[in-house]
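Colleague: Single-letter residue listing:
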Amino acid sequence: MPEHAALDEIVIARAVAAAVQRVPGVAGIGQGRHATATYGPNQVIRGVGVTRARGPLDIDIHLTAAYGAAVDLPELAERVREAARAALDDLSVEEVGGIDVTVEDLRVGGEQP
Amino acid sequence: MNVFNRLLALVVSALLVIVAGAVLLVMLGLAEPASLSPAPWFTDRLEDFAALTGSDRAWTITVAAVLLVVGLSLFVLELLPGRREPPRLTVRQDGMGRVTVDRRAVQDLVSWEAAQVEGVREVRSHLIEGRDGLRVHCQVSVDPETSVPELTDTLQQRVKTAVERHLGRAVAAVQVDAQVAPLANGRASRVR
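Here the protein sequences line up with chains A and Y, keeping their order. Residue numbers for the first sequence follow this note's numbering, beginning at 1 and rising by one. Residue numbers for the second sequence follow this note's numbering, beginning at 1 and rising by one.
Hints are not guaranteed to be accurate.
With beta-carbon atoms standing in for the labels, derived distance ranges [claimed, not checked]:
| hint | chain 1 | residue 1 | chain 2 | residue 2 | range |
| --- | --- | --- | --- | --- | --- |
| 1 | A | R79 | Y | L80 | 36 to 44 angstroms |
| 2 | Y | R103 | A | G55 | 29 to 37 angstroms |
| 3 | A | R52 | Y | V148 | 53 to 61 angstroms |
| 4 | A | R79 | Y | R103 | 20 to 28 angstroms |
| 5 | Y | D132 | A | G55 | 34 to 42 angstroms |
| 6 | A | R52 | Y | R135 | 37 to 45 angstroms |
| 7 | A | R79 | Y | V148 | 34 to 42 angstroms |
| 8 | A | P24 | Y | L8 | 47 to 55 angstroms |
| 9 | Y | Q175 | A | P41 | 51 to 59 angstroms |
| 10 | A | Q43 | Y | P87 | 24 to 32 angstroms |
| 11 | Y | L8 | A | G55 | 42 to 50 angstroms |
| 12 | A | R79 | Y | G133 | 20 to 28 angstroms |
No lab work stands behind these hints, which were simulated from the structure alone. Note that CB positions come from ideal geometry on N, CA and C, so glycine has one too.
In isolation and in its complexed conformation, chain A is listed as follows:
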């Protein structure tokens, strides 16, 4: 893979990860049971996979949700996708195939349910 492509992907993954972590209801990313990450030169962004397997970019986000009486996981996932989409727009990334969101874990306060 050309180095500039890997660099692009790591930049995208970092921006998406930062945006997702700011979404209320997200307790963390990349802390779950399955390893999803984007690897770049000397750096790894865990919880966000960025691939170009089908041409346009595919984004795969793995997060831990804060569990509470009001949490609605599909709604949370929607907010996460919107945040990711906004981060991609900021980077002028236009060709996005899909943004998949996986809720890997739930956390009540500081512990899992």
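Model the placement of chain Y on the given structure of chain A, informed by the hints.
Modeller: Then chain Y, alone, in the frame of chain A:
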């Protein structure tokens, strides 16, 4: 079946196939005992089989053939992937992508909600995706003084409400198996 049991079944079925196959080959005259044996002890055993005549020979061939078929079937069945539940539940799929929730996270959610019910000491939960919605199975260990019918009603309602609210998926049934004794070894959540 866990990994150890699966490996054990594979080894046993492979041994069955090897032994029954060797006996059959020798008795049908397709191979010499010495050419099939990894050790003298096994050669002696095969020669005993080769020396059989009459009805003993017919019975031995029949039994060896049956064991060969059983061993082969067991071996193939153990190698097949089997009907495993997918590791994630899809809660939404649209043009923008797919939203999934890890099955174990949902099971943890169910266990956590069940554990909030007064009288529940341990919980183990399991999910199945049915055509009409999710089917939740809870195995719980309860306090002996607890009214089990009341507890199961409360638990069913609580779990159904929580899963439907948090996942946005319909729950077709919540089955509860309650017992006073502690749950057997496995992935159970001890809550009290």
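Colleague: Tell me the hint numbers this structure goes against, listed in increasing order.
Modeller: No numbers; nothing is violated.
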